Structures are given as structure tokens and as C-alpha cells.
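All chains should be modelled from the sequences, with the hints used to inform the complete structure.
At position 354 of the sequence shown the residue is numbered 354 (the numbering used here), and the sequence of numbers has no breaks.
Hints are computed from structural coordinates only; laboratory data are not their basis. On a predicted model such as this, the values are computed, not experimentally measured, just so you know. Note that beta-carbon positions come from the ideal geometry of N, C-alpha and C, so glycine has one too. Keep in mind that a hint or two might mislead.
To be verified - Simulated restraints, written as ranges between beta carbons of each label pair:
1. Thr574 x Ser177: 45 to 51 Å
2. Glu78 x Arg45: 26 to 32 Å
3. Pro391 x Asn46: 29 to 35 Å
4. Glu379 x Thr574: 47 to 53 Å
5. Val507 x Asn46: 26 to 32 Å
6. Asn337 x Glu204: 33 to 39 Å
7. Gly488 x Val68: 41 to 47 Å
8. Lys552 x Glu487: 21 to 27 Å
9. Asp101 x Thr151: 26 to 32 Å
10. Thr151 x Thr574: 26 to 32 Å
11. Asp220 x Val68: 39 to 45 Å
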Amino acid sequence: MTQVTVARSSEFASVYVEQVTIRNFRGITECTVELEPDLTLLVGRNNVGKSRILSALQIAFGGRPADVDDFTVGDTSEPEIDVVVAPCPPTSDAHDDAFDDSVGRRFAGVSQTTREEPFRERIAWRTNVRRSSEGAGARSEAVFLTFNAGTGVWIELGNPFPLTRDHRQSFAVDLVSTGRDLMEELGRRGSSVRKVLSDLEVNEVDRESLESQLTALGQDIVTGSQTLASIADSLRQLNRLIGSMGAPDLNPLPIRLEELARSISIDLNSGNGAMPIRLHGAGSRSLASLQVQGVLYERRLGTDGPLIRPHPLTLIEEPEAHLHPQASLELAVLLSNLQGQKVVSTHSPQLVTAVDPRCIRILPGGRPELRVVDLGPAESDLAATHRSFRPSAHQAEMEKLRRLVERPFGELLFANALVIGDGASERAFLPVVLRHALQEKAHGICVIDPESMNGTLAHAAAKFANMVDMPWFLFADSDGAGQRAVEGLINDHGSGDMSKVVWAMGVDDSGGPAEGAFEHMLTAFDVELCRRACADIGVTVAEGDSVLGAMKGLKGNGGAAFASRLIEEYPAVTDWPESLQTLIGRLGPVL
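Laid out in C-alpha cells, this is it:
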């Protein structure tokens with residue numbers, strides 16, 4: 001029989017998932033996320049909804065069946081997941097935002113023109129999750145949506161057109177969870193890796209030669225091993241006694257290539273020779289699993305015919321799990337090299353620092369509803385046909401923060417409150433005392449040193465905090481220059497609300513800010529405590545010498561030592577300087 005070889009397309013479908021809207025799903029009342037054509041990062045604290053967004057996308061693209069856990073506990077509403085699919089970004093503004101012929105033919109009759117000038121074509125469908133008739137399970141149904149030009153929203157008509165298997169074949173979704181282990185996948189029947197290895201794509205001539213070499217090598221191993229040779233001899237004796245059982249043979253190696261694929265080992269060489277991946281740590285194993293993802297798409301998708309290959313949509317949960325910080329910095333490159341579209345949930349400050357701010361979607365949390373803050377392009381340029389051509393609303397501010405924040409930029413993105421100090425000493429001192437005073441509430445407070453309250457960083461940080469609805473306060477020096485800088489910052493970004501300001505030296509008898517800085521606050525509170533804290537870090541201040549002068553010379557080096565001394569000698573917060581008590585009193589209720 002002549003074998004017919006079907007050419008495989010080298011191109012993936014020229015589409016991407018532009019937007020997902022989720023309603024009544026696992027506690028999410030409603031949220032909309034715009035996705036990038038390449039990489040989108042979902043950034044936020046635990047339990048804000050990142051994994052639920054990935055889970056909803058997985059259902060919408062047929063990656064998993066619906067489950068009873070997809071319903072919101074105590075709510076009878078049925079989950080809905082709307083996705084909008086767009087053509088890949090055109091190469092110029094003049095290009096029509098339309099699907100190419102291969103996609104257009106597959107979705108003929110269901111694609112919609114969302115705006116005539118300029119021409120924009122989209123495909124959208126809704127996945128409804130319903131309870132099964134028995135009431136103990138769940139099922140999903142997907143139908144195409146129609147664009148209502150009057151309201152500008154996608155709607156489900158009375159007799160909607162269902163999404164078919166042929167339509168779904170334009171997309172391939174794969175979830176890479178934190179527990180994904182390449183070694184486990186190699187051994188699991190039906191896994192993606194095993195499916196790829198089921199066809200080694202070796203031509204028949206080479207196959208015969210390779211399998212003959214396997215057989216010969218296997219016999220050499222048996223001959224060279226006294227143990228295996230003894231077992232083989234015993235089996236031959238058994239055959240002479242009971243011939244009807246068939247002639248036995250001992251093969252330490254598989255004799256067929258497909259059998260060999262089941263025992264393939266991936267080895268990693270960390271400098272001391274190759275070692276099987278099963279003997280490496282979880283970080284190396286999960287990273288290796290992610291690295292072969294591109295190979296899975298290359299070898300698995302679109303192998304059944306010459307039609308356009310499915311658009312890869314990879315959903316990745318916390319790829320930084322088990323990795324050390326330097327490896328996390330390389331994740332951005334690894335993720336960008338994966339083919340298709342990637343939607344990633346992360347807690348990694350290193351990863352968010354390494355990607356373009358347009359990729360970041362912040363889920364602030366702290367509210368009943370799920371809110372998504374988009375650091376990508378704004379929608380103000382109505383002439384732009386595609387997100388790629390819209391102006392960036394926050395690019396300049398994000399770049400300022402990434403350049404100027406002396407602690408990782410990602411720390412600010414994951415924070416739930418911001419304190420802008422007025423020097424390096426405050427930056428080292430405040431986190432320690434706030435942790436002692438606020439206990440678990442202090443988790444998520446970010447303290448930064450802008451070098452100047454009137455500087456670029458201070459303004460960028462305050463603007464960012466407002467953008468994500470994050471509470472922020474100033475712990476400020478009160479000399480003349482400091483007061484003018486604070487006034488400018490509060491007027492520009494704080495709507496004139498001076499309750500955001502805590503003066504290090506408190507207020508004077510007239511009710512205005514008392515003159516002085518952080519060092520003045522501590523020496524006025526207990527100068528001998530400050531002398532002992534200086535000694536803790538090897539700085540001796542002799543009797544008669546200025547403790548205040550010594551402290552100012554330390555800059556940020558002594559901040560943590562002063563905090564530790566304060567906590568040790570005054571464990572009760574009510575005994576601390578008044579300005580610290582004021583800051584703690586304002587932070588507590590908003591955390």
C-alpha cells in the first residue's frame with residue numbers, strides 16, 4: 001500500500017484572543033480583560049481571581065469540561081464566558097483590520113463588522129455553563145454572538161448559531177499549572193508529550209536499520225551482564241521443559257522505536273555530568289516542562305491536514321514557582337519565545353520588571369468586585385484600528401518607576417499600600433517598625449525613597465497608586481523645601497488632602513509642621529537610644545559629640561538598627577514617637 005503524505009502547514013491561524021468577559025464564575029460577578037497578541041501577565045495578590053480567569057479561558061476554548069465548582073456558591077446565576085477574537089495586528093495603520101481568507105472561510109457567516117470606519121472585523125462567542133439535568137454536574141454550551149452597533153456590545157440572539165468542533169479547531173488551548181512536571185508527563189498515557197512521541201517520524205528504511213541496531217545492542221548487554229545472561233539461560237531451560245509457552249527472549253532495550261519512546265529520559269548537565277531530570281529539583285523540572293511547550297505546538301498542532309494550524313493559547317500558572325530570582329529574570333525571554341498567545345498569572349516581581357508594561361494587567365483586590373487595571377494602550381486614539389496602534393496611557397510613568405525605584409519595580413505592583421518616605425533612612429526604618437506594629441496587616445506595604453518629594457519618582461509613584469486605587473501616604477521632613485515639595489505633590493495627586501501627610505516631627509504649638517527630619521524625631525524622642533543604635537552598627541558616638549550629626553552621616557545604613565533598638569526598648573507602640581503612631585493609625589484602617 002502506498003503511503004500518502006499530507007503536507008503540514010507552517011503557519012498558525014492569524015488570529016488572537018482580544019478580550020474575555022467573565023460573569024458569575026467562581027465568585028467573579030463580572031470582569032473584562034483585554035489580552036495582548038503575544039504575552040499578558042495577570043498580576044495580583046493571592047485569591048484575587050488570576051487563576052479563575054485562566055480557568056474560564058480554558059473552558060471557553062474547550063481545554064476542559066465545565067465543573068460544578070464553576071458556579072458561584074450561594075448564587076443561582078449561570079456562568080457566562082464571552083471571548084472576542086481578532087485578526088493578528090496589521091503591519092500599518094492603513095491595513096484593514098480583517099481576517100485572512102483561511103480564517104474567514106472557516107467562520108463564514110459568524111464574523112461581525114464592529115465598526116465601518118475604519119473596517120474592523122471580529123468573532124465572538126459565549127460559553128454558557130449550565131447545571132446538568134440531574135443537578136449533580138455541569139455542562140457547557142457555546143454560541144456565537146452578534147455585535148449590536150447601537151449599544152456597542154455583543155449580544156446573544158434568540159436563535160444563536162452554535163460553535164462547532166470545526167470552529168474550535170482554529171484554536172489550541174493548553175494549561176501549564178504550577179505542578180506540571182515533564183518527567184511525570186513522559187510517563188503518563190495520553191499526555192501531550194506522549195502524544196508527540198507516539199509518532200517519531202522516522203522513514204521505513206531508517207527504521208529497519210535503527211531497530212536492528214537496537215536488537216544487536218540489547219543482545220550485547222545481555223552477553224556482557226552475568227545477571228542478565230543467567231536469567232536468559234533460565235528462560236531457555238524453562239522453554240525446553242514447557243515448550244508450549246513460546247520461545248522466550250530477554251531484551252533489556254525495546255526492539256521497536258515507539259516502545260523506546262516510552263523510556264526516553266531527559267538529562268540535565270549542571271557542570272558535573274549529565275543527570276536524569278527526575279533527580280533534579282522541582283524548579284529545573286517545571287522549567288524544562290515549559291521549554292518543551294513550543295515543541296508540542298510545533299509537532300502536535302495541525303498534523304492532521306493541510307489546513308491552517310490552530311492558534312496556540314497557552315495558559316500558565318505561576319511559572320516562577322520553584323525558581324531562584326535569577327532564573328525568574330530569564331522567564332520573560334522564555335515566555336516570549338513560546339509560539340502563539342500566552343496568558344500568565346504571576347507573583348514574581350522579577351518577571352513583571354522584565355516585560356513591557358503594556359503586557360501587565362493588575363488585579364488590585366480589596367473589593368467585592370474584580371477590577372482589572374490595564375497598563376497597556378489607552379482608547380483615546382479613535383483612528384487606531386487595533387490596540388497595537390493606540391497610544392500608551394501609562395508607558396512614561398511605568399518607565400520612570402522601573403528606572404528609579406531602588407527596590408524591585410515589581411514590589412510596587414504587588415503592594416496594597418504605599419508609603420513615600422523622605423530619605424534612605426526612612427526606607428530602611430519604616431518597614432521594620434510597621435511590621436512590628438501592624439503584624440500581618442503590614443504584609444504588602446511598600447516603602448520607597450524618592451530622594452525628593454518633588455522629584456520624578458515621587459510623582460510617578462503617587463500617580464500609579466491613584467491609578468490602581470492603592471492607599472498612599474507621605475512620611476515627610478518639614479523644613480521649608482520639604483513643605484513646598486509636599487504641597488506640590490498633594491495638590492497634583494492628592495486632591496489637596498493633607499491627611500495623606502505625616503510629618504516626621506509632628507506639629508508645633510501653632511498647629512503647623514514642626515521643623516525637622518527623621519533623625520530629629522528619634523533624637524528628640526530618646527537620644528541615648530540613638531547612641532546605642534549607632535554602637536550596634538559599629539559607630540561610636542563619644543560623650544559630647546553630636547548623635548544627630550552621626551545619624552545624618554549614616555544615611556540609610558542605620559535605619560534598620562534604629563528600628564530594632566526602638567522595638568527592643570519600647571515594645572509598646574503607644575510609647576513610640578507621635579508621628580509614628582499617627583502613620584500607623586492611618587495605615588491600619590485602609591489595609
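Going through the earlier hints one by one, which of them does the structure break, listed in rising order?
Hints 5, 7, 10, 11 are the ones this structure does not satisfy, whereas the remaining hints hold.
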